[in-house]
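Heads up: the sequence lines are chains A and B, in that order. The numbering of the first sequence is my numbering, which starts it at 1 and goes up by one. The numbering of the second sequence is my numbering, which starts it at 236 and goes up by one.
Since the hints were derived computationally from the structure, they do not count as laboratory data. Every value quoted in this text rests on a predicted model; they were computed, and no experiment measured them. Any given hint could turn out to be false.
[Claimed, not checked] Some, not all, of what chain A presents toward chain B, calculated at C-beta under 8 angstroms:
1) Val67
2) Thr68
3) Asp70
4) Leu74
5) Ala105
6) Ala116
7) Ala117
8) Glu119
9) Thr120
10) Asp140
11) Gly156
12) Lys158
13) Gly160
14) Val161
15) Val185
[To be verified] Simulated pairs of lysine-lysine, DSSO-like, Cα-Cα distance not exceeding 27 angstroms:
16) A:Lys87 x B:Lys393
17) A:Lys158 x B:Lys393
18) A:Lys202 x A:Lys87
19) B:Lys322 x B:Lys437
[To be verified] Chain B residues, not near chain A, derived (Cβ > 12 angstroms throughout):
20) Arg243
21) Glu268
22) Arg297
23) Asp375
24) Ala382
25) Thr411
26) Asp414
27) Arg418
28) Asp465
For every residue, glycine included, the Cβ atom is placed at its ideal position computed from N, Cα and C.
Protein chains: 2
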Amino acid sequence: MSTGDAPRRAVVLLSGGLDSSTAAFAARADGCEVHAVSISYGQRAEAELDAAARIATAVGARTHRVVTVDLRALGGSALTDDIDVPKDRSDEQIGAGIPVTYVPARNTVFLSVALAAAETVGAEAIYIGVNALDYSGYPDCRPEFLAAFEQVAATGTKQGVGGRPVAIRAPLLSFTKADIVRRGVELDVPFEHTLSCYDPVKSGESWVHCGRCDACRLRAKGFAEAGVMDPAPHA
Amino acid sequence: MSTGDAPRRAVVLLSGGLDSSTAAFAARADGCEVHAVSISYGQRAEAELDAAARIATAVGARTHRVVTVDLRALGGSALTDDIDVPKDRSDEQIGAGIPVTYVPARNTVFLSVALAAAETVGAEAIYIGVNALDYSGYPDCRPEFLAAFEQVAATGTKQGVGGRPVAIRAPLLSFTKADIVRRGVELDVPFEHTLSCYDPVKSGESWVHCGRCDACRLRAKGFAEAGVMDPAPHA
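Only chain A is shown next, with the shape it has when bound in the complex (with noise of 0.2 angstroms):
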C-alpha cells in the first residue's frame, strides 16, 4: 500500500461495522474529503446499510453512495446464501482456516466498485478497514493482496494512466480488534451507532448484535482486551 501525503479526497468502504467506521474516521483524521461507499451484496444484513448510513452522517461523507453487487446470484456464502452462520464458536475455531462466512473475492469485488467511484469523484485513495491479524482466514486481507490491487488501479484506470494512481490505504492493517476500539476512541468513532454482527436481531425499530456470531465475538473480545464498554446496543 501507499503510505507519503495524504491524499486531500477519499473514497472510503463503509459496512457500518467497527473497522470501517474506523477507517472512516481515519481517512477524516487524514484530512480527507470523505465520499463513503457501501456495497449491498445480497447480504442477509440490510441493517449494515443502515448503520453505514449513520456513520456516514456522523463522519460528515460528502457523498454516500450504495451500490448493488448482487453475489447472490453466485451463491457460496453464508453471508449471501441461506446457510446457517456459525454461533458460539471458541476463539480456537474461529481463528481456524478459511470461515463458511468467506465470500469468494468479497474485497476484490468491492475494491473494484470503490475503484469505480474513485474515478467517478476523482479520489486520490480508497481506505479500507480491513486487518490481517484477527481474520488471518480471509486471503483477501492480507498486505500483497491490497499490493496487487494497488497495481490494477495504476495500470486500469484513467488517472492511473495519467500519473495519479489511486491509492489504497488500509490503517487498520496491523491492528488487533483492541488495537482498532483504541484508535477508535481516539477518534471520537460513535460505537453505538457501528454494527459488526453476521445475524443481527430486530429490536423495536433497530437492529441489535446477536452477540453470538464470530464477527460478535470478535468485537466483544476487542473492547474487553481494550478495557472499553462497547455502547451498542445487544439482544
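Position chain B relative to chain A; hints supplied.
Below, chain B without anything else, positioned relative to chain A:
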C-alpha cells in the same frame, strides 16, 4: 496473462457482443467447460443480455449467471447515464482518446465478479474478450492491466493461496476487429446472435444494431476488412 496448459473449466465474461462471444467459443475450443457470466450494470442496452443468453446456449455453456452490478449509483458514463451515445463518428474520432462511453473501472469490476464466480465453480481460468488494438482508449484493455489483475487473483482468493491461481485469458488481445471476425468464422461463432451496439433499436420482437454508434462502426469495419458479410440484423 498466463499461457501454458489449457484449463479444464473456465468462466467467460459474456456480453453477447462479437468479442466476448468469440472468446467464449475460443474457451470451448481450448477444451474448457464454459461457465458464462454476464453483468447487468444498469446499461440501457439490456438487449445485450438477450444476446448473451443466445450465445451461452449456442456455445453449450454449463451455467450462465447474470450478476447485477448497479454502476448507475456511481454515474459517469454514457452507457449508464442519460448522456447521448455518440453517433456517426469518423475512425479518427473513434480512435482519439478515452470515449464518453467509457465506464469507470469497468473491466476491473467485471473481472472481480468473474473471479468470485471462478471461486464458486472452481474454474481455473477467466476468459475475457478484450482487445487492445482497435480500442486503445480504454486503459483496462491493456496487457499490463490484465497481468496486474492476475496478481490480484493469485493473492486474493482461496484458490490462489492454495497454489492454483485463476489465470486471466484474453485470446483476442492483439487482434484487430477483422482478425476477430476471421477467428469467429474458424470457430463457427453464430454471428447472427451477437449484438455489439451501444444503442440498439427495437424491431418487432428483437433488438437490432443501430449501425451508427462507435461499436456498430467498428463492427462494420471489422466485417468489411475480413471480407465477411455480417448476418446480424441492423436497423
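Inset, instruction - Quick one: which hint numbers does this structure break? Sort them smallest to largest. - result: 15, 17, 23 and 24
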